[in-house]
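J.: Quick note, the sequences are listed as chains S and F, same order. According to this note's numbering, the first sequence is numbered sequentially starting from 1. According to this note's numbering, the second sequence is numbered sequentially starting from 203.
I should point out that these hints are in silico values taken from the structure, not numbers from a laboratory. In this text, all values refer to a predicted model and were calculated from it rather than measured experimentally. Keep in mind that the hints are not guaranteed to be accurate.
Covered by chain F, according to a simulated footprint, are these stretches of chain S (three or more residues, beta-carbon under 8 Å) [claimed, not checked]:
#1 33-41
#2 53-67
#3 81-92
#4 179-193
Straight-line distance between alpha carbons at most 20 Å, and here's what the computed EDC-like set of lysine to aspartate or glutamate pairs gives [to be verified]:
#5 S:178 / S:158
#6 F:283 / S:69
#7 S:98 / S:58
#8 S:178 / F:224
#9 S:162 / F:224
#10 S:162 / F:252
#11 S:178 / S:160
#12 S:162 / S:81
#13 S:162 / S:144
#14 S:178 / F:211
#15 S:178 / S:159
#16 S:98 / S:57
#17 S:178 / F:225
#18 S:162 / F:225
Derived contacts from chain F toward chain S, CB cut-off under 10 Å, selection only [stated by the list, open to error]:
#19 205
#20 208
#21 246
#22 254
#23 259
#24 261
#25 265
#26 322
#27 324
C-beta atoms are modelled at their ideal positions from N, C-alpha and C, and glycine is treated no differently.
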Amino acid sequence: MILAALMSSESALSAVDDEAARLRRGDPDALAAAISRYQHRLYRYLLRFSGDPSTAEDLFQQTWLRVMENLRRYDARRSFDAWLFSVAHNLAIDHLRKSRPDSLDDVLPSGRLRGDEVAGPQPDALEQVLEWERAAAVAAALLELPAIHREVLTLRFEEDLKLEEMAEIAQIPLSTVKSRLHRALEGLRNRLDHQFRPKGNP
Amino acid sequence: MSEHESIRELLSLAAAGVLAPDDQRRVEQHAAVCDACRRQLEVWQSYSRELVRLPAPAAPRHLAERTRARVLEQRAAVAQKRWDDIVLAVLVLFGWTMTLVTWIVFRLFTGGMLSVLEFGFVRIVIWSGASTLFAWLTAAVAAVMLGSQRRAVRRML
Numbered sequence: 001m002i003l004a005a006l007m008s009s010e011s012a013l014s015a016v017d018d019e020a021a022r023l024r025r026g027d028p029d030a031l032a033a034a035i036s037r038y039q040h041r042l043y044r045y046l047l048r049f050s051g052d053p054s055t056a057e058d059l060f061q062q063t064w065l066r067v068m069e070n071l072r073r074y075d076a077r078r079s080f081d082a083w084l085f086s087v088a089h090n091l092a093i094d095h096l097r098k099s100r101p102d103s104l105d106d107v108l109p110s111g112r113l114r115g116d117e118v119a120g121p122q123p124d125a126l127e128q129v130l131e132w133e134r135a136a137a138v139a140a141a142l143l144e145l146p147a148i149h150r151e152v153l154t155l156r157f158e159e160d161l162k163l164e165e166m167a168e169i170a171q172i173p174l175s176t177v178k179s180r181l182h183r184a185l186e187g188l189r190n191r192l193d194h195q196f197r198p199k200g201n202p
Numbered sequence: 203m204s205e206h207e208s209i210r211e212l213l214s215l216a217a218a219g220v221l222a223p224d225d226q227r228r229v230e231q232h233a234a235v236c237d238a239c240r241r242q243l244e245v246w247q248s249y250s251r252e253l254v255r256l257p258a259p260a261a262p263r264h265l266a267e268r269t270r271a272r273v274l275e276q277r278a279a280v281a282q283k284r285w286d287d288i289v290l291a292v293l294v295l296f297g298w299t300m301t302l303v304t305w306i307v308f309r310l311f312t313g314g315m316l317s318v319l320e321f322g323f324v325r326i327v328i329w330s331g332a333s334t335l336f337a338w339l340t341a342a343v344a345a346v347m348l349g350s351q352r353r354a355v356r357r358m359l
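Bound conformation, chain F alone:
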């Protein structure tokens, strides 16, 4: 490729102002002695000017406000989910604690102090029945509580 041809390839980028200083200098030196390339460079420069001067479209008036509202809404949803998770974890922990406590209470009432550590088939069946019932009741109450709170939040939004 001759110098003329290789410079021709660089003219558009030279006009766009993105060439390395060495290449930029090469283009300018060549354009100083080559009419065809100088003319082309001027044409490319006029295109660059047009692109810089292109009328700037302004963002629609309510776009920023609407975007802010959506971000805050999303953040509220994330916070709500985190709160739900915490409530759920506390309830699970509470459920397990109550399960253990009912065992101890159940044994204390049926057999006295020393029988807490005595296991037997019938006792375990009765106890697991009672604690399962208790766990399901707790879960149902929790579900109703979370559901009603969520409906209240949705009404507010």
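Bound conformation, chain S alone:
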């Protein structure tokens, strides 16, 4: 009983490594299973990062081609998720650098953060609009952000990753992830505050 429990927990732990091993053996079923298991997460990441559905689809396919080419170089001690996303990250960066270099890390002049002014009696702008309208506004504001800011936001809030995992995927120092996330949130807030600020009450 205990032995069986031990064995099953062990097999759960090595499930991802097994997946890499099966992929390496060229098992077509393993390939189909891996692609469909990650499809929505990987697509969402690439869509947020690139901001364009057809680019995201193309990068999605290229990611798997690259993964299968470089499978031999995958270190089984690393997390397969992080490796997959870092392959996708590199392809997305290359693509954006080539097609729209200014969209990659162009930080538009952001207004001063109006902390204490907002903190007064004036309620937060975002709370005044309807929920569906808010979601649409957030999605629209995201598209105005530089690509690398969109990336950290989706990794943190949609993928629910820790800073260390984000740093591994984007291949940047921890301090850079932190400051990038901070700036991305400020950029988002500036855009939304500006959009929803009640007229005549600047």
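Based on these hints, arrange chain F on the given structure of chain S.
T.: Here is chain F on its own, set in the frame of chain S:
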């Protein structure tokens, strides 16, 4: 920088849940006594909630299947190239072996057993002419074989 200002810088990351436990505690303790910061923290938290709740775009329906097909296609192309390389290596080896064999056969027919090791200008010219012709014929046959096989594979895809 005062404590208030340094905490203000941390509020967005505190709401995002990425601060170290010590910093997180500092922010919470300050927010408990500072209305302005508490208010700001709540605003940042509402942004974090919005980002978490953002409608998730689903991958297009045929994306996974199309990707799988492309990967398999690429793998088939790699396998085909490896097979071509093997065929080519075998043919080169075969060509060299045949070159040596023709020398021996040529000498046996023209001069008998003991003349295999005798070299002479005319003999070498005749032999190299014959073996070069033979090598080119082999290469042409190989090229035609590989080409027709590749066309057949392309028709299948």
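J.: Have a go at the residue 254 (chain F) hint: is there a Cβ in chain S nearer than 10 Å to its own Cβ?
T.: holds (5 Å)
J.: Hold the hint about residue 322 (chain F) up to the distance rule: shortest CB distance to chain S must be less than 10 Å.
T.: Result: violated, 54 Å to nearest chain S Cβ.
J.: Restraint: residue 259 (chain F) near chain S, CB-CB cut 10 Å. Satisfied or not?
T.: holds (5 Å)
J.: Is the Cα-Cα distance between residue 178 (chain S) and residue 160 (chain S) 20 Å or less?
T.: Distance ~15 Å between residue 178 (chain S) and residue 160 (chain S) Cα, so the pair holds.
J.: According to a criterion of three or more residues whose C-beta lies within less than 8 Å of a C-beta of chain F, is the segment 53-67 of chain S covered?
T.: Our answer is that it holds, as 6 residues pass the Cβ test (under 8 Å) against chain F, meeting three.
J.: Residue 162 (chain S) and residue 225 (chain F) were given as a pair; does the straight-line alpha-carbon distance stay at or below 20 Å?
T.: Distance ~16 Å between residue 162 (chain S) and residue 225 (chain F) Cα, so the pair holds.
J.: Does residue 144 (chain S) sit within 20 Å of residue 162 (chain S), going by the straight-line distance between their CA atoms?
T.: violated (24 Å)
J.: Taking only the CA atoms, is the gap from residue 178 (chain S) to residue 159 (chain S) under or equal to 20 Å?
T.: holds (16 Å)
J.: Does the closest beta carbon of chain S sit nearer than 10 Å to the beta carbon of residue 246 (chain F)?
T.: It holds, given that the least Cβ distance between residue 246 (chain F) and chain S is near 7 Å, below 10 Å.
J.: Can residue 265 (chain F) be said to touch chain S, with a Cβ gap under 10 Å?
T.: With a closest approach of 6 Å, the residue 265 (chain F) hint holds.
J.: Are the Cα positions of residue 162 (chain S) and residue 81 (chain S) separated by 20 Å at most?
T.: holds (13 Å)
J.: Between the alpha carbons of residue 178 (chain S) and residue 224 (chain F), is the straight-line distance 20 Å or under?
T.: Distance ~16 Å between residue 178 (chain S) and residue 224 (chain F) Cα, so the pair holds.
Checked against the numbered hints given earlier, the structure breaks hints 3, 13, 19, 20, 26, 27 and satisfies all the rest.
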